[in-house]
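Chains as they are written, first to last, in the numbering used here: chain A, 1 to 122; chain B, 1001 to 1418; chain C, 2001 to 2476.
I should point out that these hints are in silico values taken from the structure, not numbers from a laboratory.
Each hint should be verified, as a subset may be incorrect.
Below, simulated SDA-like cross-link-like pairs (lysine to any residue); rule was C-alpha separation at most 20 Å, straight line [claimed, not checked]:
1. B:1194 / A:84
2. B:1386 / A:34
3. B:1081 / B:1059
4. C:2273 / B:1220
5. B:1081 / C:2273
6. B:1385 / A:49
7. C:2273 / B:1218
8. B:1385 / A:42
9. A:76 / B:1385
10. B:1386 / A:49
Residues on chain C that point at chain A, a partial pick, calculated with CB under 7 Å [to be verified]:
11. 2469
12. 2473
13. 2475
All values reported here derive from a predicted model rather than from experimental measurement.
Where is the CB? At the ideal position from N, CA and C, for every residue including glycine.
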Amino acid sequence: MEKAQLICIGCPLGCALEAELENGSVVRVSGNTCKNGEKYARKELTNPTRIVTTTVRVTGGTIPVVSVKTAADIPKGQIFACVQALGAVEVPAPVALGQVVLPNVCGTGVDVIATKAVAKQE
Amino acid sequence: MEQYELVIIGGGPAGLAAAVAARQAGVRDILILERDRELGGILNQCIHNGFGLHTFREELTGPEYAQRFIRQVQDLEIPYKLGTMVLSLDKEKTITAMNPEDGLFQLRPKAVILAMGCRERPRGALNIPGTRPAGIYTAGTAQRLVNMEGYLPGRECVILGSGDIGLIMARRMTLEGAHVPVVAELMPYSGGLKRNIVQCLDDFGIPLKLSHTVVDIRGRERLEGVTLARVENGRPVPGTEEYYPCDTLLLSCGLIPENELTREAGAVINPVTNGPAVNDALETSIPGVFAAGNVLHVHDLVDYVSQEAAAAGRSAAQYIQQGEPALEAALPVRCYGGVRYTVPSAIRHQSLRSEDVTIRFRVDNVYQNKTIVLRAGSEIVLRRKKAVLAPGEMETVTWKAGALPEGITEIRLGLEEA
Amino acid sequence: MLDVIIIGAGVSGCAIARELSRWKADILVVEQEEDVCCGTSKANSAIVHAGFDAKNGSLMAKLNVQGSTWMPALSRELDFPYRQIGSLVVMLRPEDRPRLNALYENGVKNGVPGLRIVEREELVSMEPNISDDAVAALYAPTGGIVCPFGLTYALAENAAANGVRFQFDTRVEALEKTASGWRLATSQGPLEARVVVNAAGVWADTLHNQVCPDPITIQPRRGDYFLLDHAAGSHVRHTVFQLPGPQGKGVLVSPTVHGNLIVGPTAIDVPDKDSTATTQMGLDEVRFKSSAAVKNLPLRQTITSFAGLRAHELGHEFIIRESAPGFVDCAGIESPGLSAAPAIGKMAAGIVASILKPEPNPDFRPTRKGILDPRQLSIPERNALIQRDPAYGTVICRCESITEGEIVDAIHRVPGARSIDGVKRRTRAGMGRCQGGFCSPRVLEILARETGLSPEAITKSGGSSRLILGRNKDTL
Chain A
1 MEKAQLICIG CPLGCALEAE LENGSVVRVS GNTCKNGEKY ARKELTNPTR
51 IVTTTVRVTG GTIPVVSVKT AADIPKGQIF ACVQALGAVE VPAPVALGQV
101 VLPNVCGTGV DVIATKAVAK QE
Chain B
1001 MEQYELVIIG GGPAGLAAAV AARQAGVRDI LILERDRELG GILNQCIHNG
1051 FGLHTFREEL TGPEYAQRFI RQVQDLEIPY KLGTMVLSLD KEKTITAMNP
1101 EDGLFQLRPK AVILAMGCRE RPRGALNIPG TRPAGIYTAG TAQRLVNMEG
1151 YLPGRECVIL GSGDIGLIMA RRMTLEGAHV PVVAELMPYS GGLKRNIVQC
1201 LDDFGIPLKL SHTVVDIRGR ERLEGVTLAR VENGRPVPGT EEYYPCDTLL
1251 LSCGLIPENE LTREAGAVIN PVTNGPAVND ALETSIPGVF AAGNVLHVHD
1301 LVDYVSQEAA AAGRSAAQYI QQGEPALEAA LPVRCYGGVR YTVPSAIRHQ
1351 SLRSEDVTIR FRVDNVYQNK TIVLRAGSEI VLRRKKAVLA PGEMETVTWK
1401 AGALPEGITE IRLGLEEA
Chain C
2001 MLDVIIIGAG VSGCAIAREL SRWKADILVV EQEEDVCCGT SKANSAIVHA
2051 GFDAKNGSLM AKLNVQGSTW MPALSRELDF PYRQIGSLVV MLRPEDRPRL
2101 NALYENGVKN GVPGLRIVER EELVSMEPNI SDDAVAALYA PTGGIVCPFG
2151 LTYALAENAA ANGVRFQFDT RVEALEKTAS GWRLATSQGP LEARVVVNAA
2201 GVWADTLHNQ VCPDPITIQP RRGDYFLLDH AAGSHVRHTV FQLPGPQGKG
2251 VLVSPTVHGN LIVGPTAIDV PDKDSTATTQ MGLDEVRFKS SAAVKNLPLR
2301 QTITSFAGLR AHELGHEFII RESAPGFVDC AGIESPGLSA APAIGKMAAG
2351 IVASILKPEP NPDFRPTRKG ILDPRQLSIP ERNALIQRDP AYGTVICRCE
2401 SITEGEIVDA IHRVPGARSI DGVKRRTRAG MGRCQGGFCS PRVLEILARE
2451 TGLSPEAITK SGGSSRLILG RNKDTL
């Protein structure tokens, strides 16, 4: 039986988790304060994912870039592909909060959305 | 002179939450003064997620979290002035402020809430020797450049200080195409949240060197490199120097509450927090002047800023509605056994009889398996076991209102053996 | 063919330029850095010495006392910050009394007015934070403090207004005598003039030694300093020196004209004329020595530390003379060079004029207005200003309350600010406790807008000191 030590990133508590694995699957998680900790450990050891936050360029807006995020978590291995894809994106102002700036980023099925509204430069 | 019941200095998370709470508690005339071009304060440049778990039960980015409060301010039709710098505040609560539209103007509200936030400790305050080239930024300045203006301050970027902004910027610089070879931390522990070490450093294979600092800076025009060394008992250890060629050094070495106005007004400052000393109403030593958020003490979670500021907003409302109350005796809160400071640093007798009192505090080192103990006189009124306590993480205890032991003169909060 | 080339736009070069602009002459100041006031003039104690220290009979003593005497009137004429706060040289051991008396007598001989020795009781009433060991002090009421940037820019701007031109980023590589004057090989191509003035600070020896048979040596001598926050600015009321003794020269503690406290310097000879890096040892030395004469010094309030180089000539004397035909030296200008600057300018310009014998400049205007400080205005005046120019209503530097209007003014002055540091030295934006953390992105934006350059081209202090190296994701 294998053991893995993790820090939960679910919330600022940062619980120290210990997971027991058998044949690559998680059989027990301890150290978590809430059930999200257990969920996190199972996912992190089998298919780790992250929310990606970054910026994309805005044209004709009151500010030059807008902050964006993946609407859900994407596989950790896709983080760089995701920001690379966003490097080519330019959104014209106005931009609405929650507006999709890049649908289905890198085939993950997850949209990248604006986390701030940007008005048009008058 | 225009008359307002309540003027809030600062339109960041603290100012916004205070305004909303004060309005909900019935204050009609409120004005928020914000020096930047938009409301939201530092949240506008904190584009990462992780905000709002407590307040909204979901993970928001900084701008999204700010927007929730900005919308409430707008829905409640609370007026605000942008691009407005408060130049002075006196103990009569006269505020002198300035912006391009109104020019220089003065206000004398019944109550004031200080919500100016904090600033970063600059290189000069750290006494790092060496040259003074371009390429040395505080992490927050770089964060503004990258996240709000789309500029990369550099391509090879060493970070000193593992506070949350430093950790977050390690990831941000990496995701925007820069390389971060190392994050160095003077202390033997990180000043940031554990989750940020995992998702900002570990995820990208960025090493964190604890007990290390920058001992030399090279480069005449633009930064060319820094030398790190291991630190023991506060001094660099000779022979442990390691040179890192880099064009950028980001400093995340602590935040300082911005209390120049507070000092000028004559409010008593707590030398540990660098914020005003407040009672449990979050009222400073000047009656009718309240404080909340990072101007009071540096927080690590915006949710707590919002909670604290809402409490200040309610206190200010009460002050405005009930008129100036007779000065009430307060019990001092003293720290012992590893507790560095508490906010509030005094509790009014009336609160102990009638309301729950929240005490926020920080410890001075990493502790394991301790009990947080709150004592009123010789009586223990609260005990709570804690597996881990760290200076980077603010703690909160709430004392349920109840019968007050007779004749006590002080309240003590400390850590004891579990 | 120019009439005069002045090499070096420090306080000496600018003082000479301004004095020379009283004459009809074609004058160019060349400077290797991107701006005025980038060498020794920008990193020093910011003190106007009364003049008791320099050896009686020396040129240093004469020009120090003259400069100190002229400074109050000059500060009104050219509108730069100067305050006569008086200075104290503190004696910490009773056995040093003869040295204190000798200093007093030297000062009296130098013609320093008002000198007297104050005993402990009076000293404590003058300086409550004076060391418990302080026995007595030499009090010089004419000692002062000045903004070294303000003085240098005032001289440069007044010179420019009277016709002097400035050329920056121009390093003089070689000098060659011609039939009618001098040919200079520079990093920006050749230049010719009838007279050359060598005001090159720590580099003055390299220029001198190219053209004069008797070599001089300028030893760069580094001084490390701490600058403390306004909150500590009134810790002392006078410039407090320690009486030099067998244990060496102490460090001074002084208020600055902008309400900070300055502590330093060290005196460390360095081989390199560029080495303005502070060292741990140097900073530790200042920290250690600073507590000798002043107690409870709040060094925790340090907002920055820095180092400057003094142009120490081995004979410790100002060298101001025509060292070769048409080649005028202004070398070895170390402390009290800032104090003496007005007199150095007059003397060196006099030498140049005696060579060129020019006509007086009938259009010469001796006055200059500094960058408007809105904090000095009444509320109605300030509101009228904001109504006229709303940029004066926007605070850019929060720590020092510097408005956009002042920054725009600094950029459009002649010679104007082209870099973040150029703006900082002229307006104090970024000079405060956050050291530009909040305002530098805004100053960058204003500089780019006003100069028409891209933000990527804006530098901290010229050369390759760019602040931004790219755009997000540009290499991904």
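Evaluated hints:
1. A threshold of 20 Å between alpha carbons decides the hint, and for residue 1194 of chain B with residue 84 of chain A the separation of about 27 Å lies outside it, so the pair is violated.
2. Among the hinted pairs, residue 1386 of chain B with residue 34 of chain A is consistent with the structure: their alpha-carbon atoms are about 16 Å apart, no more than 20 Å.
3. A distance of roughly 29 Å separates the Cα atoms of residue 1081 of chain B and residue 1059 of chain B; the hinted pair therefore is violated under the 20 Å criterion.
4. Restraint check for residue 2273 of chain C and residue 1220 of chain B: the C-alpha separation of about 12 Å stays at or below 20 Å, so the hint holds.
5. Of the supplied pair hints, the one linking residue 1081 of chain B and residue 2273 of chain C is violated, its CA atoms being roughly 51 Å apart against a limit of 20 Å.
6. For the hint linking residue 1385 of chain B to residue 49 of chain A, the alpha-carbon distance of about 33 Å lies beyond 20 Å, and the restraint is violated.
7. The straight-line distance between the Cα atoms of residue 2273 of chain C and residue 1218 of chain B is roughly 16 Å, inside the 20 Å bound, and the hint therefore holds.
8. Our distance criterion of 20 Å between C-alpha atoms is broken by residue 1385 of chain B and residue 42 of chain A, whose separation comes to about 28 Å.
9. Of the pairs offered as hints, the one joining residue 76 of chain A and residue 1385 of chain B is violated, with about 36 Å between alpha carbons and a cut-off of 20 Å exceeded.
10. A hinted pair counts as satisfied when its Cα atoms are at most 20 Å apart, and residue 1386 of chain B with residue 49 of chain A does not qualify at roughly 30 Å.
11. Contact between residue 2469 of chain C and chain A, as hinted, is not supported at the beta carbon level, the nearest pair being about 16 Å apart and thus beyond 7 Å.
12. For residue 2473 of chain C, the suggested interface contact is upheld, since its CB lies about 4 Å from the closest CB of chain A, less than 7 Å.
13. With a cut of 7 Å, the hint placing residue 2475 of chain C at the interface with chain A is violated, because the nearest CB-to-CB distance is about 9 Å.
Going down the numbered hints, you'll see the structure goes against 1, 3, 5, 6, 8, 9, 10, 11, 13, while the others check out.
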